[in-house]
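Colleague: Chains as they are written, first to last, in this note's numbering: chain U, 71 to 339; chain H, 71 to 339; chain E, 71 to 339; chain Z, 71 to 339.
Derived from the structure by calculation, the hints contain no laboratory data.
It cannot be assumed that every hint is accurate.
Because identical chains cannot be distinguished in the list, a pair is counted as satisfied if it fits within a single copy or across any two copies.
Unchecked claim - As a list, the in silico DSSO-like pairs of lysine-lysine whose alpha-carbon atoms are at most 27 Å apart:
hint, residue 1, residue 2
1, Lys181, Lys330
2, Lys226, Lys332
3, Lys332, Lys143
4, Lys332, Lys181
5, Lys181, Lys143
6, Lys208, Lys330
7, Lys332, Lys212
8, Lys330, Lys143
9, Lys181, Lys130
10, Lys212, Lys260
11, Lys212, Lys226
12, Lys181, Lys226
13, Lys226, Lys208
14, Lys330, Lys226
15, Lys332, Lys130
16, Lys260, Lys332
17, Lys143, Lys208
18, Lys181, Lys208
19, Lys260, Lys181
20, Lys226, Lys143
21, Lys143, Lys212
22, Lys226, Lys130
Number of protein chains: 4
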Amino acid sequence: MSDNKIMPDVQSDPDSRQIAIDKVGIKALRHPVRIASRDADEQHTVAEFNMYVYLPQHFKGTHMSRFIEVINKHEKEITLQSFAAMLAEISQRLEADSGHIEMSFPYFVNKSAPVTGLSSLLDYDVTFIGEIHNQVSKIYLKVVIPVTSLCPCSKKISDYGAHNQRSHVTVTALTNQFVWIEDLIDVVEKEASSEVYSLLKRPDEKYVTEQAYNNPKFVEDLVRDIAGALNADERIDHYIVEAENFESIHNHSAYALIEKAKKTLPAAG
Amino acid sequence: MSDNKIMPDVQSDPDSRQIAIDKVGIKALRHPVRIASRDADEQHTVAEFNMYVYLPQHFKGTHMSRFIEVINKHEKEITLQSFAAMLAEISQRLEADSGHIEMSFPYFVNKSAPVTGLSSLLDYDVTFIGEIHNQVSKIYLKVVIPVTSLCPCSKKISDYGAHNQRSHVTVTALTNQFVWIEDLIDVVEKEASSEVYSLLKRPDEKYVTEQAYNNPKFVEDLVRDIAGALNADERIDHYIVEAENFESIHNHSAYALIEKAKKTLPAAG
Amino acid sequence: MSDNKIMPDVQSDPDSRQIAIDKVGIKALRHPVRIASRDADEQHTVAEFNMYVYLPQHFKGTHMSRFIEVINKHEKEITLQSFAAMLAEISQRLEADSGHIEMSFPYFVNKSAPVTGLSSLLDYDVTFIGEIHNQVSKIYLKVVIPVTSLCPCSKKISDYGAHNQRSHVTVTALTNQFVWIEDLIDVVEKEASSEVYSLLKRPDEKYVTEQAYNNPKFVEDLVRDIAGALNADERIDHYIVEAENFESIHNHSAYALIEKAKKTLPAAG
Amino acid sequence: MSDNKIMPDVQSDPDSRQIAIDKVGIKALRHPVRIASRDADEQHTVAEFNMYVYLPQHFKGTHMSRFIEVINKHEKEITLQSFAAMLAEISQRLEADSGHIEMSFPYFVNKSAPVTGLSSLLDYDVTFIGEIHNQVSKIYLKVVIPVTSLCPCSKKISDYGAHNQRSHVTVTALTNQFVWIEDLIDVVEKEASSEVYSLLKRPDEKYVTEQAYNNPKFVEDLVRDIAGALNADERIDHYIVEAENFESIHNHSAYALIEKAKKTLPAAG
Chain U
71 MSDNKIMPDV QSDPDSRQIA IDKVGIKALR HPVRIASRDA DEQHTVAEFN
121 MYVYLPQHFK GTHMSRFIEV INKHEKEITL QSFAAMLAEI SQRLEADSGH
171 IEMSFPYFVN KSAPVTGLSS LLDYDVTFIG EIHNQVSKIY LKVVIPVTSL
221 CPCSKKISDY GAHNQRSHVT VTALTNQFVW IEDLIDVVEK EASSEVYSLL
271 KRPDEKYVTE QAYNNPKFVE DLVRDIAGAL NADERIDHYI VEAENFESIH
321 NHSAYALIEK AKKTLPAAG
Chain H
71 MSDNKIMPDV QSDPDSRQIA IDKVGIKALR HPVRIASRDA DEQHTVAEFN
121 MYVYLPQHFK GTHMSRFIEV INKHEKEITL QSFAAMLAEI SQRLEADSGH
171 IEMSFPYFVN KSAPVTGLSS LLDYDVTFIG EIHNQVSKIY LKVVIPVTSL
221 CPCSKKISDY GAHNQRSHVT VTALTNQFVW IEDLIDVVEK EASSEVYSLL
271 KRPDEKYVTE QAYNNPKFVE DLVRDIAGAL NADERIDHYI VEAENFESIH
321 NHSAYALIEK AKKTLPAAG
Chain E
71 MSDNKIMPDV QSDPDSRQIA IDKVGIKALR HPVRIASRDA DEQHTVAEFN
121 MYVYLPQHFK GTHMSRFIEV INKHEKEITL QSFAAMLAEI SQRLEADSGH
171 IEMSFPYFVN KSAPVTGLSS LLDYDVTFIG EIHNQVSKIY LKVVIPVTSL
221 CPCSKKISDY GAHNQRSHVT VTALTNQFVW IEDLIDVVEK EASSEVYSLL
271 KRPDEKYVTE QAYNNPKFVE DLVRDIAGAL NADERIDHYI VEAENFESIH
321 NHSAYALIEK AKKTLPAAG
Chain Z
71 MSDNKIMPDV QSDPDSRQIA IDKVGIKALR HPVRIASRDA DEQHTVAEFN
121 MYVYLPQHFK GTHMSRFIEV INKHEKEITL QSFAAMLAEI SQRLEADSGH
171 IEMSFPYFVN KSAPVTGLSS LLDYDVTFIG EIHNQVSKIY LKVVIPVTSL
221 CPCSKKISDY GAHNQRSHVT VTALTNQFVW IEDLIDVVEK EASSEVYSLL
271 KRPDEKYVTE QAYNNPKFVE DLVRDIAGAL NADERIDHYI VEAENFESIH
321 NHSAYALIEK AKKTLPAAG
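Isolated chain U, as found in the complex (with noise of 0.2 Å):
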């Protein structure tokens, strides 16, 4: 920049408090995005920007227009391989050792409905989030998957009927390989007490009403049986379950975590 020359760079002045900054950058930076998807051939949709980076305490600030100016160079598709260029490259032009990017947007998978075969677009909440520590990064796939939960205690006690209401389980998985979005898409939408449609005619309403009812399941066994699942996929080194239930009989949700690591990593040498 030219402008260095002749206007104070105030951002690369010394600084002397000698304390470091973990995480500093932008926030909240919108952007539209092309995502890679399993099904077809990408997607265009729109996404939500924090890109943060370590700051050594010895410098007062760090150049935020530089994260914006890394953005516009990934005009092309974004991947969750490509993200991690992105990554790489935040690390490179701000100077630093560590940096973070979370990178959210809303996935739409086309979806047949259960008889009649109709199509039609779900959306999903999906947030890649980046870490990178001297030039190792670690990728997470966030997923948020709508589902309908039945309950299995007002199945059993009540004469006819059971409480049920639409669910969010949100899987947060780090992988050793490619996973695509659809794949965790796919892992909670089987343990579901049902899955949830855009488009639904009368079959498909009478078969997931009954679907739903011939497999009740609480919270908890949302995200246990998801969880046994993610732990026989070998492609997936760490997870987080959670399942929040927006109970149709109370106005507060009902939710459960399951967090688990399965790989201590190798020892060194």
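Got chain U sorted already, so can you dock chains H, E and Z onto it with the hints?
Modeller: Then chains H, E and Z, alone, in the frame of chain U:
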């Protein structure tokens, strides 16, 4: 204010653009309040205020700090009735023909579980909306009531079960005499598939499950049945009733609205 | 639908309550869309839809799935003009005299920094609001434009500095001919203390700082100056302009609103 | 519960999946609370609760209604200290080794304007976060403090003016003795470019404008200066300080975070 003498009062400057402002004031100010309640002496809660006045074309600006002073004066209990005094006060203090106040707060009602009778508090979002024009004021009472809705179609076409979910019913009412918040809540809870509660033991859960199943309602039924009850209530001159079902089989809501101005104003003279 | 023959169609049952429903439909459905833009071919973004129709008193319910089918048909680019086709289609598919659609999405404009000319995208929240009644439709364009506002009073009474902050200006306009989203943005950004940008280098930061200081505006000035520009724009028949300043010296906002119906409808015959 | 005898207790069934649940309970329940305050006897406000316990692998479910019963018992004033009793109670009532409670509420402090001395209430978002494990509990106090930040770079490179904005500083602290909410607020407000107030007259507005201009701080300076003060406070063992500037020249935020565990736990024996 003695500071008027020594500092320029930019807001009181004349304005030559010849454009009046319909509403000007403060937004999103939080303040603790005490609300009169039907079944107890009063309750303490926290309100968010929006307060606006009309500004004629010849004034450059309003005096924002005076809105805060009006709130500060009303440390005492606020009712739908005393709320009218605040309306009069802002139009007087700001020298305005018209004024507008919205005051939104969570409100709690002590409910008894339907079988065990165990009591717990349920929360409702309430807004007082006041308008004053030439010293005549109108006050709307708006209450969001969470309930259970159970789908009649799903029940009818399915061999067992029926999808149900939490719904928000919102009633906004202009009344010709005093109406308690609890009165509007009663109307709505009576017409829902079932009421919701914070605390339910198993016999209660059996009761609300079967109650909802026996009482299926579309979002259309909810607003119509509530409209019927509000039509019959002579204290209410004008209302809007809305229902939003957070569908347990979709990731979007079903929604319905009925508005009715029951009375035309009497001719003068 | 062949399922009509084998399954009861509860929604089509007659209804005896004799209460029509002003709006019934779906709310908060997300779907990807493509929007025509003034300065580029088109852009991809994600919209949230609310879609309602009028339901006469003799029908028990509407057919919610048909709203989804209308959205699914419009995979092509949506403009303010083609949006009118969706309005016509929902009223036809749902056999309703009246229909209402709201479609809200983040929209991006490529802006050049004022001195260095570096380009970056800025995000705006846009809503198309459409109403159709007896085959006559009206479409409102609503845009939220983030700007900088700098307080004239603070500037005048202080020996140096002046408090400033981010403000949201919202323009809702009914037009008699095509108006680009960017046209409304231009009107607002011209009248603010300063525009905001995603990417600013130091010479740009100096420019916007001094520009805002040279151009102080109360929230009242913002809405008046924008109203003046909208009054002069003959393409606009009716508008609401709102400004909310997220005050840097308070924890609440300053707010102002002007509404103007410029034309009265021509008398018939 | 006598209902245990007549109705099946599904939650108490044995579970064969051999997966423990880290957290299970209720989320987003609102309840009025009274909080002890430093400068007045106590204050009434409304809290949102999340309450979870650990569930061993051999139990199918937890008893959600017991969380509500624990809240209902604590109608009396809640302090950081009495909050510990709720933690002990949920782990005991739910027969769990571990428990977790988050209680979030708006909190008000009566502030005097800097010149006129006029008093008004300012609102802060406060959360008590409690964890208990094997009867040992830790309680974190988290406070969000709105302040003004003024940009040092903008001030230095501009001939006049400087961009400033509202910022949210969040301090989360683990203490080894009692610390008032107001104590954390004092630390932060002292280090900001300026405090914010609900009620300011013109002499006050002049004061805070000049005060901010005389006291420019990057988001990095904010967290460092507050970290310095927290480092010197021996009552605090561990803290996280975050600052988010809602930049007046951008539509995104600047953000910084410092975390410090000051003490390592003493070795046993």
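Colleague: Would you mind marking each hint as holding or not holding in the structure?
Modeller: Hints versus structure:
1. Lys181 <-> Lys330: Intra 30 Å, inter 40 Å, cutoff 27 Å: neither.
2. Lys226 <-> Lys332: neither (35 Å within a copy, 46 Å between copies)
3. Lys332 <-> Lys143: neither (36 Å within a copy, 40 Å between copies)
4. Lys332 <-> Lys181: Intra 31 Å, inter 46 Å, cutoff 27 Å: neither.
5. Lys181 <-> Lys143: between (33 Å within a copy, 16 Å between copies)
6. Lys208 <-> Lys330: both (16 Å within a copy, 23 Å between copies)
7. Lys332 <-> Lys212: Only inside one copy: Lys332 and Lys212 sit 17 Å apart there, 32 Å across copies, limit 27 Å.
8. Lys330 <-> Lys143: neither (36 Å within a copy, 35 Å between copies)
9. Lys181 <-> Lys130: Neither: 51 Å inside a copy, 29 Å across copies.
10. Lys212 <-> Lys260: within (18 Å within a copy, 38 Å between copies)
11. Lys212 <-> Lys226: Classified as neither; 34 Å inside a copy, 38 Å across copies.
12. Lys181 <-> Lys226: The answer is between: 25 Å across copies meets 27 Å, while 31 Å in one copy does not.
13. Lys226 <-> Lys208: neither (45 Å within a copy, 39 Å between copies)
14. Lys330 <-> Lys226: neither (31 Å within a copy, 43 Å between copies)
15. Lys332 <-> Lys130: between (40 Å within a copy, 23 Å between copies)
16. Lys260 <-> Lys332: within (22 Å within a copy, 46 Å between copies)
17. Lys143 <-> Lys208: For Lys143 and Lys208, the Cα distance is within 27 Å only inside one copy (21 Å; across copies 41 Å).
18. Lys181 <-> Lys208: Neither way: Lys181 and Lys208 sit 31 Å apart in one copy and 34 Å across, limit 27 Å.
19. Lys260 <-> Lys181: Within one copy, since 14 Å is at most 27 Å while 38 Å is not.
20. Lys226 <-> Lys143: neither (57 Å within a copy, 30 Å between copies)
21. Lys143 <-> Lys212: within (24 Å within a copy, 31 Å between copies)
22. Lys226 <-> Lys130: The answer is between: 14 Å across copies meets 27 Å, while 63 Å in one copy does not.
In this structure, the hints that do not hold are numbers 1, 2, 3, 4, 8, 9, 11, 13, 14, 18, 20, in rising order.
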